[in-house]
Amino acid sequence: MAGRRGAAAKVQMQQVVEPMEQEPTRKRPWEKVDADGNKIKRKKVPGAKNIRIRKHVQPRNALSCLNELVPGVVFNTEQEGGLGQQFGVSVNIEGETYQGYGVSKQIARQNAAEAALVSFVKPPVPKAGPGEENEKAEDKTPWATLASFAMYKLFNDWKDGRIGTSSAAAFPAGLPQNPGFDLRNTLSRKVTEGLHNQVTLTGTVVSNDAVIQHLGTPAAGGIKSPEVKAPGGMKPAKQLPDNAGQVHPVMILHQMRPGIQYSTNKTTGEDNMPYFYVSVSIEGQEFTGEGPNLKKAKFHLARDAMYALFGVESTFELPA
1 MAGRRGAAAK
11 VQMQQVVEPM
21 EQEPTRKRPW
31 EKVDADGNKI
41 KRKKVPGAKN
51 IRIRKHVQPR
61 NALSCLNELV
71 PGVVFNTEQE
81 GGLGQQFGVS
91 VNIEGETYQG
101 YGVSKQIARQ
111 NAAEAALVSF
121 VKPPVPKAGP
131 GEENEKAEDK
141 TPWATLASFA
151 MYKLFNDWKD
161 GRIGTSSAAA
171 FPAGLPQNPG
181 FDLRNTLSRK
191 VTEGLHNQVT
201 LTGTVVSNDA
211 VIQHLGTPAA
221 GGIKSPEVKA
231 PGGMKPAKQL
241 PDNAGQVHPV
251 MILHQMRPGI
261 QYSTNKTTGE
271 DNMPYFYVSV
281 SIEGQEFTGE
291 GPNLKKAKFH
301 LARDAMYALF
311 GVESTFELPA
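If you're matching positions, the sequence shown starts at 1 in UniProt numbering and goes up one per residue.
Please note that the accuracy of each hint is not assured.
[Claimed, not checked] Have a look at the derived ranges for each label pair, beta carbon to beta carbon:
| no. | residue 1 | residue 2 | range |
| --- | --- | --- | --- |
| 1 | Pro59 | Asn92 | 23 to 29 Å |
| 2 | Trp158 | Ser281 | 29 to 35 Å |
| 3 | Arg54 | Ser104 | 27 to 33 Å |
| 4 | Ile260 | Asn92 | 26 to 32 Å |
Quick caveat, the hints were computed from the structure, so don't treat them as lab data. Note that the structure is predicted; figures quoted are calculated from it, not measured. Note that beta-carbon positions come from the ideal geometry of N, C-alpha and C, so glycine has one too.
Using the sequences and the hints given, assemble the complete structure.
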């Protein structure tokens with residue numbers, strides 16, 4: 001028995017274990033190897049990432065960025081500038097009209113182009129796991145183009161000494177930069193407003209909260225836009241007075257919605273007499289008024305707003 005064990009052990013020792021054949025490593029076309037076949041790691045070039053970004057993101061104004069996204073875009077003149085009146089232009093992008101105003105036609109075009117750029121911001125692409133329906137969803141926001149414009153605005157703010165998260169633009173007295181188009185309204189609806197006494201809304205109110213969604217992402221720090229409070233901390237009245245229809249509508253409107261800000265525009269009629277137009281946005285609705293002076297223009301606006309917001313038909317009459 002012992003002899004058999006010894007013979008078996010002797011045979012086992014004589015066995016030669018052949019080494020396993022290793023599969024040759026596949027070399028990718030872009031990889032470099034040395035003489036021993038080891039991969040050569042690429043050296044990091046200082047500033048390479050910065051150079052690559054700078055190549056694609058250069059400060060450019062709104063007009064240049066819009067022309068990149070919509071080649072050959074056409075601007076239409078809405079109103080001619082002159083004494084006491086700014087130039088107004090509009091641009092139509094995919095059926096929606098965006099307006100811009102300025103002391104020159106070029107500035108008006110830039111403002112209209114900036115308003116139109118908002119429409120290219122799409123909601124964030126939702127995260128999806130493997131095999132889910134939106135796994136390969138495409139992000140259609142033109143980030144490089146918007147980044148170019150953002151840099152342009154940022155550098156201009158710094159050049160003019162403006163810093164901080166909020167800065168109020170300074171406009172000439174009585175000449176709002178954009179009396180017929182409030183960019184903030186674009187975040188919730190698309191409005192096409194005609195000039196003077198012609199005001200029309202688009203057939204469909206389009207929700208566009210993409211910008212707000214992006215500002216709420218972790219990459220943006222989760223910053224929420226601060227709520228605008230009425231001057232002096234005024235609070236709106238809890239209910240309408242019993243005689244609301246007999247009181248001056250402007251007074252009632254300011255009691256119920258304190259802190260509203262009017263946009264005004266002054267023109268000169270054929271008889272060389274001044275004529276005023278005012279507009280205001282309340283709860284997503286646009287209201288306008290016109291008259292030979294600001295007092296009457298605001299009266300007509302407030303009267304219409306009271307009826308639309310509170311169902312009150314004003315019987316108050318302005319003294320002659």
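Structure-based check of all given hints:
1. For proline 59 and asparagine 92, the hinted distance range of 23 to 29 Å is satisfied, since their beta carbons lie about 27 Å from each other.
2. Checked against the hint of 29 to 35 Å, the C-beta distance between tryptophan 158 and serine 281 comes to roughly 30 Å, which is consistent with it.
3. As the Cβ distance of arginine 54 to serine 104 is approximately 31 Å, the hint placing it in 27 to 33 Å holds.
4. Restraint check, isoleucine 260 to asparagine 92: a C-beta distance of roughly 30 Å satisfies the suggested window 26 to 32 Å.
Hint violations for this structure: none, all hints satisfied.
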